[in-house]
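Kindly produce the complete structure, drawing on both the sequences and the hints.
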Amino acid sequence: DTAVSQTPKYLVTQMGNDKSIKCEQNLGHDTMYWYKQDSKKFLKIMFSYNNKELIINETVPNRFSPKSPDKAHLNLHINSLELGDSAVYFCASRRTNQETQYFGPGTRLLVL
Amino acid sequence: GQQLNQSPQSMFIQEGEDVSMNCTSSSIFNTWLWYKQDPGEGPVLLIALYKAGELTSNGRLTAQFGITRKDSFLNISASIPSDVGIYFCAGLAGANNLFFGTGTRLTVIP
Numbered sequence: 034d035t036a037v038s039q040t041p042k043y044l045v046t047q048m049g050n051d052k053s054i055k056c057e058q059n060l061g062h063d064t065m066y067w068y069k070q071d072s073k074k075f076l077k078i079m080f081s082y083n084n085k086e087l088i089i090n091e092t093v094p095n096r097f098s099p100k101s102p103d104k105a106h107l108n109l110h111i112n113s114l115e116l117g118d119s120a121v122y123f124c125a126s127r128r129t130n131q132e133t134q135y136f137g138p139g140t141r142l143l144v145l
Numbered sequence: 311g312q313q314l315n316q317s318p319q320s321m322f323i324q325e326g327e328d329v330s331m332n333c334t335s336s337s338i339f340n341t342w343l344w345y346k347q348d349p350g351e352g353p354v355l356l357i358a359l360y361k362a363g364e365l366t367s368n369g370r371l372t373a374q375f376g377i378t379r380k381d382s383f384l385n386i387s388a389s390i391p392s393d394v395g396i397y398f399c400a401g402l403a404g405a406n407n408l409f410f411g412t413g414t415r416l417t418v419i420p
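Each protein sequence line maps, in turn, to chains A and B.
Numbering-wise, my numbering puts 110 at position 77 of the first sequence, and it's gapless, one number per residue.
Numbering-wise, my numbering puts 332 at position 22 of the second sequence, and it's gapless, one number per residue.
Worth flagging that the hints you see were computed from the coordinates, not collected in a lab.
Watch out, some of these pointers could steer you wrong.
A short list of chain B residues far from chain A (calculated; beta carbon distances all over 12 Å) [what the hints assert, rightly or not]:
#1 I323
#2 E325
#3 S336
#4 Q347
#5 R370
Which residues of chain A face chain B? A partial, calculated answer using Cβ under 8 Å [said to hold, decoys possible]:
#6 T64
#7 S72
#8 K74
#9 F75
#10 L76
#11 I88
#12 I89
#13 F123
#14 E132
#15 T133
#16 Q134
#17 F136
#18 G137
#19 P138
#20 G139
Glycine included, every Cβ here is placed at the ideal spot set by N, Cα and C.
If you want it as structure tokens, here you go:
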């Protein structure tokens with residue numbers, strides 16, 4: 034009965050590789066997000082997405098691209114991984130007209 | 311972008327003590343939120359504040375939305391070991407942009 038789930042929980046990969054992180058929510062929410070948490074625990078929004086609109090944080094490199102096959106899923110694809118991409122990535126979702134965002138457990142990405 | 315600073319950065323307290331932490335922003339927000347992050351988990355919402363001056367409680371937690379709309383504080387009374395974690399304030403700009411504070415790491419010593 035997990036609300037927001039992410040896979041994988043851990044991802045270790047080499048520089049230059051392309052990888053995807055998956056997110057699924059079973060809450061019936063229509064807006065989903067990706068956040069990045071760095072080594073100092075600072076959380077920063079990367080994308081917000083609903084059926085109609087993708088909003089990209091301007092500081093996010095275009096190597097990062099969200100892909101949503103349907104309302105319940107928002108995957109994050111990363112091209113040409115760099116050392117600085119190492120972080121914990123959190124997916125979140127919310128229902129329109131409600132402020133509360135529900136977070137997934139995070140994906141710990143380590144780029145070697 | 312918006313900068314939200316939390317203080318203190320970390321706290322070490324004895325079980326049973328009360329805790330107070332605050333959050334200040336360079337920008338005005340219309341909604342303030344407080345989240346807790348346990349080790350290895352995602353942030354979980356504790357309290358949401360929607361109006362300047364509002365004081366809201368959730369069990370042992372009390373939070374206030376500052377009159378200037380640029381600050382908020384969170385109090386935890388009678389701390390227990392499971393209060394350990396990182397507490398984040400967050401300001402909501404528009405419908406989607408949630409800006410997180412720098413976090414306060416709380417350690418409770420039994």
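TODO: So, L76/A near chain B? Judge it on the closest CB pair being under 8 Å.
DONE: Holds - the Cβ of L76/A comes within 8 Å of chain B, reaching about 4 Å at its closest.
Task: Minimum Cβ distance from Q347/B to chain A greater than 12 Å, as the annotation requires - done: 8 Å, violated
- [ ] Closer than 8 Å between Cβ atoms is the bar; does F123/A clear it against chain B? Give me holds or violated.
- [x] 5 Å, holds
Task: F136/A as chain B interface residue, shortest Cβ-Cβ below 8 Å - done: Because about 3 Å separates F136/A from the closest Cβ in chain B, which is inside the 8 Å limit, the hint holds.
Task: Satisfaction of the T133/A interface hint, Cβ to chain B closer than 8 Å - done: 5 Å, holds
Open item on the list: Let's test the interface hint: is any C-beta of chain B closer than 8 Å to that of Q134/A?
Closed with: Nearest chain B Cβ about 6 Å off; hint holds.
TODO: Please verify that hint: G137/A, Cβ, nearest Cβ of chain B, below 8 Å or not.
DONE: 5 Å, holds
TODO: Report holds or violated for the interface hint on E132/A, using the least CB-CB distance to chain B and a cut-off of 8 Å.
DONE: 5 Å, holds
Open item on the list: Restraint: G139/A near chain B, CB-CB cut 8 Å. Satisfied or not?
Closed with: 5 Å, holds
Open item on the list: For E325/B, is the shortest CB-to-CB distance to chain A above 12 Å, so the non-interface label stands?
Closed with: E325/B clear of chain A: closest Cβ-Cβ about 24 Å, beyond 12 Å.
- [ ] Have a go at the I89/A hint: is there a Cβ in chain B nearer than 8 Å to its own Cβ?
- [x] It is violated, given that the least Cβ distance between I89/A and chain B is near 11 Å, above 8 Å.
Task: Claimed clearance of chain A by I323/B, with the beta carbon kept past 12 Å - done: 19 Å, holds
Hint check: violations occur at hints 4, 7, 12; the rest are consistent with the structure.
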